[in-house]
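Peer 1: Reassemble the complex: the two chains are provided individually, in unrelated frames, and hints are given to aid placement.
Those sequence lines, one after another, are chains P and Y.
Taking our numbering, I'd label the letters of the first sequence as residues 1 to 593.
Taking our numbering, I'd label the letters of the second sequence as residues 1001 to 1300.
Treat the hints as calculated values from the structure; they're not laboratory data.
Just so it is clear, the structure is predicted and the values come from calculations on it, not from any experiment.
Cβ atoms here follow ideal geometry from the backbone N, Cα and C, with glycine treated the same way.
Warning: the hint list may mix true and false statements.
Negatives, chain Y to chain P, calculated, CB over 10 Å [said to hold, decoys possible]:
| # | residue |
| --- | --- |
| 1 | D1026 |
| 2 | A1086 |
| 3 | T1155 |
| 4 | F1223 |
| 5 | L1249 |
| 6 | I1254 |
| 7 | R1261 |
| 8 | V1262 |
| 9 | E1271 |
| 10 | V1285 |
| 11 | L1287 |
Straight line, CA to CA, 30 Å or less: simulated DSS-like cross-link-like pairs of lysine-lysine [to be verified]:
| # | chain 1 | residue 1 | chain 2 | residue 2 |
| --- | --- | --- | --- | --- |
| 12 | Y | K1017 | Y | K1221 |
| 13 | Y | K1042 | Y | K1153 |
| 14 | Y | K1020 | Y | K1221 |
| 15 | Y | K1013 | Y | K1042 |
| 16 | P | K449 | Y | K1020 |
| 17 | Y | K1020 | P | K453 |
Quick list of the computed label-pair ranges, beta carbon to beta carbon [said to hold, decoys possible]:
| # | chain 1 | residue 1 | chain 2 | residue 2 | range |
| --- | --- | --- | --- | --- | --- |
| 18 | Y | G1278 | P | R464 | 30 to 36 Å |
| 19 | P | P473 | Y | A1275 | 58 to 64 Å |
| 20 | Y | G1008 | P | P412 | 41 to 47 Å |
| 21 | P | G322 | Y | G1234 | 38 to 44 Å |
| 22 | P | G398 | Y | G1158 | 21 to 27 Å |
| 23 | P | G326 | Y | D1026 | 19 to 25 Å |
| 24 | Y | M1300 | P | P412 | 39 to 45 Å |
| 25 | P | S438 | Y | G1289 | 56 to 62 Å |
| 26 | P | E393 | Y | G1008 | 37 to 43 Å |
| 27 | P | D443 | Y | G1289 | 36 to 42 Å |
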Amino acid sequence: MEHRKLDLALAIGGAAGQGIATPGNILARLLAGRGLHVHAYNAYQSIIRGGHIFLTIRTSDRPLGSHGDRLDVLVCLNQDTMDRHLRLMGPGTSVIFNGDRVKPGEAQEGVRLCPVPVHELTGNDPNPALQNTVALGVLMHLLGLDPALLKDSLTRQFGRKGPDVLDPNLRAGLAGFEHARGRFSPLPTPIPRGGTPLGLWSGNDALAMGGAAAGVKFYCAYPMSPSTGVLHWMSRHARELGILVRQVEDEISVANMTIGAAHAGCRAMCATSGGGFALMTEAVGMAGMMEVPVVFIDVQRGGPSTGLPTKTEQADLWQALGASQGEFPRVVVAPTDALDAFRTIPELFNLVDRYQCPGIVLSDLLISEGTFSADPGAIDLHPAIERGETILEGSSPGGYRRYLDTGSGISPRAVPGLEGFEHVVSTDEHDEDGGIISDEFTDPRVRRKMVEKRARKFQDALDRIPAPVLEGPAGAEVTLVCWGSTRGVLREARERLEEEGVACNLLAIKWLVPFHAAAVAAILAAARRTVVVEQNHSGQFARYLRSETGIAAAAHIRKYDGEPLQPHHVVEGVRAILAGSTELHVPDHEIRV
Amino acid sequence: MPAPTTRGGDAPKPTAKDFKSSVHPDWCPGCGDFGVLACLQKACAELGLLPHRVVTVSGIGCSSNLPGYIRTYGMHTLHGRALPVATGVKMANHELTVLVTGGDGDGYGIGGNHLTHTARRNVNLTYVVMNNQIYGLTTGQVSPTSLPGMKTKSTPFGNLEPQFNPITSAIMNGATFVARGFSGHGQHLTDLIRQAILHEGFALVDAFSPCVTFNHDNDFKFFRARIRRLEEEGHDPGDWKSACEKALLWGDTIYTGVFLRVQRPTMESQEPVLADGGPLARRAVGLTGAQAQGILAGMM
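Bound-form chain Y, shown alone (with noise of 0.2 Å):
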């Protein structure tokens, strides 16, 4: 019998409090990050989550010191190799809930492969970029997000290369739930979180989520005058086309919401191996005497 993901009916109702651990954030104050994590615990907590039963997966990066400061289980892995490393630990137990989070440095830039082949895999893992448009914990450097001419340590007379678009390349990567939400729209990011999570399968939320220290171009400011809501647009989800010309937006208007949500099975669905017996990391180790004589007998 799998181990309860969820609390069950009589269980107290877990709050956003349960998966707060002991360590305060390291973030500048006024980070957008700060926000980001708020609407995760919340999200966890309105999905009657149990902490033991998540896995929260980072590369390196401001925001990806999250796992320290969210209580479940935590990996804060290498730069950019947060959703291998979440992967495979989804094929051991995928039975345990798997967030990645991290910063569109580590996601988009170093971490893009990763990205790409992840969503055409369509593993059931919610992937939660908190996207400055600028390298933080270095100190101010471009990112693949950050707007052409924007002046930074390492483009001091503007930058030349044009945007990474996220939501656009996780479409067409096949990611089957692509979503933008903003740390200062609370209440909108978490519902969004939450969608992703309750998602089968590849989950992309990419999530404004300003730098306050070396980003000034693209402050709360910046984003609380542009954003734009899908669902007050009556945009489809299901509609791949539409979502990828809202996603190329990016002036008066940006649009934050649910971009996609398509159906597909997911590569644990698909995985005979996973079909029955439970997580591998549970089953038993060592071959049965059949399994050693059916190898065996491939020798001779």
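Pulled out of the complex, with its shape left as it was, chain P reads as follows (with noise of 0.2 Å):
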């Protein structure tokens, strides 16, 4: 591991409606902009007003896989984050709260209470926002940052509102940077300058970006935490770069929607959570039946039924395996950062295309509402797209078949429109020219002809997706598997674990359906002891692994109570593992969110 010269966390608690996004945004752009890597996580509930919200950001020099396990900077917007937070913060931090109203309770020895006198610092504005800008001027200070960037952010953020918004901002952010300068020194690693500016995302943004470069020209969708954020980017860049987008009147009516756009000749893609995409299920089969390419995102939330709408789990693996009655094939993948969201959808659409099926993207809130820097030359917005055997101009003599039974299963698609290419396509049974065969005479040759031709499509696919890959020392004591969001924390885990002498290594799982069972076989049939790690209660990906592979894991980690996992709940969970204290480790989440 690459030492890194610069490791920070900061914090900021406070209720729904207090205004912390505002400087988590203003932070997160400055350090990114500086050309820090910035992992941040929100948690939160389902409130607009009240509640706890907490918002941890870490930054570092380098690149970053979770938002960490420690905090080095601790803002209490109110006393209820005091209360929660303070116990948990350890010699050589910082706690910064509002004097006037929050008193600190019992600090650990070593921790440093910086109250700040709010009232007197904004001349008694009543504005209590202003004490969210009071607190960024005192951050700015203890991080080392020039109080020109202070103002310069501030007026970024709050410019367009006009001088009666921005200068008071303006003021008490210069008032808490000098009342900070005044009586707390610096922290002893300060922000590095001048790297090569990042941008910054969401999972979302970037799950949206992707469909974007995948030429997505109709989106659309209902609102459900935590995939909004992908309707929200959709919305705004509409209009520049034309693609239709439509809020309906519920998910069945998306899923349907999409699926006609995309019968038509568009690429389109909707995006949901469990409960939405369970109201989508039916029509995933219908793509399948249909043969329509179409790709559904489900950014999973704490389930079931309305569950922890705010809250991160694992926990549809199977819905997204079992979605719709019958067989047919379809693609399950499950990105494992927002960059590899991001490049997930362009090669989905184009497996998708390809296989002429529907696509099943598993998110979650940990990637699709966390907030990351990224490389924007890494952004390659001109994907590879290959729309296989899509027929989308020219005519036809006659004679066409839509469902023409060919030795790979892939039959040439005529989108309507098109002359000579009229045909139907339809729910039920078909034959070969579309022609249903359920009603009158159900003749089961065809039935069998039929089902094995789309079966037979995704003959060749698993020479298409990358078989994943086992990271780490060889013959390691313990083998760390993982599927979707968790490689960045089991990566850091498993160097945490290496650096305590425990050989490890990690197979992090992406691609599920069609699933490499050879290659993850061979992997793991040569590990010592193989520990799945998940955030679910029943160890769905655990279940699904013995069902490929027939390989039952040795042990399990897994986490359902809302909140990420943290790289010291794995790390804790394979000491405990490997003491042979248990088979099944459940990580305590300490931070009360």
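Peer 2: Here it is in structure tokens:
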């Protein structure tokens, strides 16, 4: 592991409606703008005013895969935050709070308390949001940043709202900065300057951008946390990118409309969370039966039912595997981080266009609503676009059969509007010409032929997706296995374990269907102790792994409390498993959010 | 240049035969749906439409088998979901004529929510509902348009629910063309469908299409005895209140004809993304350099 010169985590806590997002955005942007890597996670609830919001921003000179394990600076915008989090702050950390209103509790030895007299510093301005700006000023000083940067950032944030908003914020920010300068020494490692600026995005931004890059022309959604960010990005960019974006009456309509647009020749996509995906399920089967290429994104949240709308989980795997009745080829993929989410969408569109089937993306709140730095140079907005055997123009003298029984199982797909290609597609079982066989004469041989034709489409699919690769030393004592969004956390945990002398490697799975069963089985057959790590209760991936490879993991780390895995949860779990004290470690989430 | 949807001047005039597929309908002999299918084929021919420029989208049910029997592009989708699928097709290629067909259970029962919102959006679709007031393909259960008291397999002691009124519902929800016809009055129904296709906006044609097997209450005789034509009553299709009053009548007199015809911008016409550049489905896929630059700049 390359040594990090800087590894700093700040948290801002308060109630919904207090405006935590503003100083959070300013800081994240400022850090990324200086070329630092940023990984931010916001713990929040399904409430517009009140509750407890806790934003963690971690920054480093090296790429980050998680929001880390510890905090260096805590900003308490209310008493609740102080009461919940002070006990977790260790020696060398700083706690900033509004000294007029928030009383510190019992702090551990070595915690620096930084009360800020907000009333005095804002000249008794009644606007409560100014305390955020004062706190930002204090933070900027602690980070060793120049006050001119504070001024720039506040102007960028508030400038367009006019001097009535900007000026009090400038005064408050600078007053906070000056107050801190006179009283608190900056943190030992100042924020370096001059790196190549990085951008910021969320996983939802990345999924939407992936769609735009893939040539999506129709995007449709019904708002549902934590997927709504995709809709927001698409709506904002619709006109400049020529993407038709619609919010419609329910997810049933969303899925069916998306399939309609896809059938007519557009690349079309929709995103939702598990509950919405449940409503889309029947349509997933329609895309399978009609052989329409379409992409569904399920941004997983805590379930079942309404569950935890603002919390993360990986418990929709079997929902995706089993979405809709009957059997049909589908692609299921779980991106491993925001950049991977971006790249996955064009890759998936190429696959579903080739195989004329639905594709399902399993993201989750951790990726989709996290804020991450991104190197714009790594974002290729012109990926390869391969539409398979799609007939988008021309005409036919006749004899076209939409579901021609080919060796590959893939039948050339003509879109409506072309002369001579007229045909019917149907959710009923049909023959090669699309005519339904379900009503008058269900010929068992035709049925068998069509089932086999559809299934045959995937015969070469594994050649088109990379097999997962083992990271870390061969022959390690422990092989960690994870899927989707937790790869970054697991990588960090693996490095930590190695540092502690536990030989450890990692198998991170992205493509779930089709599954590289032989490659995975070969890796795991050689593993000494396989530990599957996932964010659900029943071990959904462990079960899938066993069904596909016959390999049962030796032990499991599972977290299903709604909050994301942190590296130390995994490290502690592996230690407990190696000590022989458990085969199933369920980490305790210490942070009360 | 958009591909033509209708035949030019010199081309031979299409006939209803041009819209006949090779598949014979599997409806029961005497089913009202035969008449509706013939009217649709005739209306398409009269309008000079080209079969490959038309998409017929249906849900599931006896009448929803119709796309297999008309020679256009066809989509036989899910029960109740024809309207959203058709909307997707129309958004992706707004130069196509999109017809939607189905039954009362499909459109007014399971698909009722989509009818509400498709009408509200005023998508330029023609929706022909073959209303037989019964679930036929499932062998005779009560439908949203079944009469109160009607005995069916699922209401052996009589239906307790009032009728769903598709005409007033569509009007209240913002449909801009709302008509009712009868399978037994072919020429009239053909004319209603023709007007509905010509109409710029969401057009509902509720067509009484008797089920000869499972609904013996509302048969051809029932309608022939009661139907009166709005055109003969001097009804003004611009008057929604009068339209609703006439649509609520269900007794000795049941009206057919155009209840409502008003102009309101369609969803497609208001969609800036569709203003220039032709159908989405025919546009180049992929971003321009400037678009990509704009996206990346927004991240910084």
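Peer 1: Taking the hints in turn, state whether each one holds.
Peer 2: How the hints compare with the structure:
With a least CB separation of 5 Å from chain P, D1026 (chain Y) falls inside the 10 Å interface cut-off, contrary to its annotation. Some Cβ of chain P comes within 10 Å of the Cβ of A1086 (chain Y); the nearest lies about 6 Å off, and the non-interface call is violated. Under the 10 Å C-beta cut-off, the non-interface status given to T1155 (chain Y) relative to chain P holds; the minimum distance is some 26 Å. With a closest Cβ-Cβ approach of about 27 Å to chain P, F1223 (chain Y) is found to remain outside the 10 Å limit, as its non-interface label requires.
For L1249 (chain Y), the shortest C-beta to C-beta distance to chain P comes to about 30 Å, beyond the 10 Å cut-off, and the non-interface label holds. With a least CB separation of 30 Å from chain P, I1254 (chain Y) remains clear of the 10 Å interface cut-off, as annotated. Every CB of chain P lies more than 10 Å from the CB of R1261 (chain Y), the least distance being 25 Å, so the non-interface label holds. Non-interface status of V1262 (chain Y) relative to chain P is upheld: no Cβ of that chain comes within 10 Å, the nearest being about 22 Å off.
Against the 10 Å criterion, E1271 (chain Y) falls within the reach of chain P, whose nearest CB is about 6 Å from its own CB. Annotated as non-interface, V1285 (chain Y) brings its C-beta within 10 Å of a C-beta of chain P; the closest such distance is 3 Å. With a least beta-carbon separation of about 5 Å from chain P, L1287 (chain Y) fails to lie farther than 10 Å from that chain, contradicting its non-interface assignment. Proximity of K1017 (chain Y) to K1221 (chain Y) is assessed by CA-CA distance (about 29 Å); at most 30 Å being required, the pair is judged to hold.
Pair hint K1042 (chain Y) plus K1153 (chain Y) does not hold up; C-alpha atoms about 36 Å apart against a cutoff of 30 Å. This hinted pair checks out: K1020 (chain Y) and K1221 (chain Y) have alpha carbons roughly 28 Å apart, not beyond 30 Å. Distance check on the hinted pair: K1013 (chain Y) and K1042 (chain Y) sit about 12 Å apart at the alpha-carbon level, within 30 Å; holds. Simply put, K449 (chain P) and K1020 (chain Y) have alpha-carbon atoms about 28 Å apart, close enough for the 30 Å limit, and the pair holds.
A hinted pair counts as satisfied when its Cα atoms are at most 30 Å apart, and K1020 (chain Y) with K453 (chain P) qualifies at roughly 29 Å. The given range of 30 to 36 Å is respected by G1278 (chain Y) and R464 (chain P), whose C-beta atoms sit roughly 32 Å from each other. Under the hint 58 to 64 Å, the C-beta atoms of P473 (chain P) and A1275 (chain Y), about 59 Å apart, fit the expected range. Between G1008 (chain Y) and P412 (chain P) the beta carbons are some 29 Å apart, a value that contradicts the proposed interval 41 to 47 Å.
The hinted window of 38 to 44 Å between G322 (chain P) and G1234 (chain Y) is violated, with their beta carbons roughly 59 Å apart. Evaluation of the 21 to 27 Å hint for G398 (chain P) and G1158 (chain Y) yields a failure: the beta carbon distance comes to about 53 Å. Roughly 22 Å separates the CB atoms of G326 (chain P) and D1026 (chain Y), a value that falls within the hinted 19 to 25 Å. Under the hint 39 to 45 Å, the C-beta atoms of M1300 (chain Y) and P412 (chain P), about 43 Å apart, fit the expected range.
Separated by about 50 Å at the C-beta atoms, S438 (chain P) and G1289 (chain Y) break the suggested range of 56 to 62 Å. The hint said 37 to 43 Å for the Cβ distance between E393 (chain P) and G1008 (chain Y), and at roughly 20 Å that hint is violated. Separation of D443 (chain P) from G1289 (chain Y) is about 53 Å and departs from the stated range, judged on CB atoms against 36 to 42 Å.
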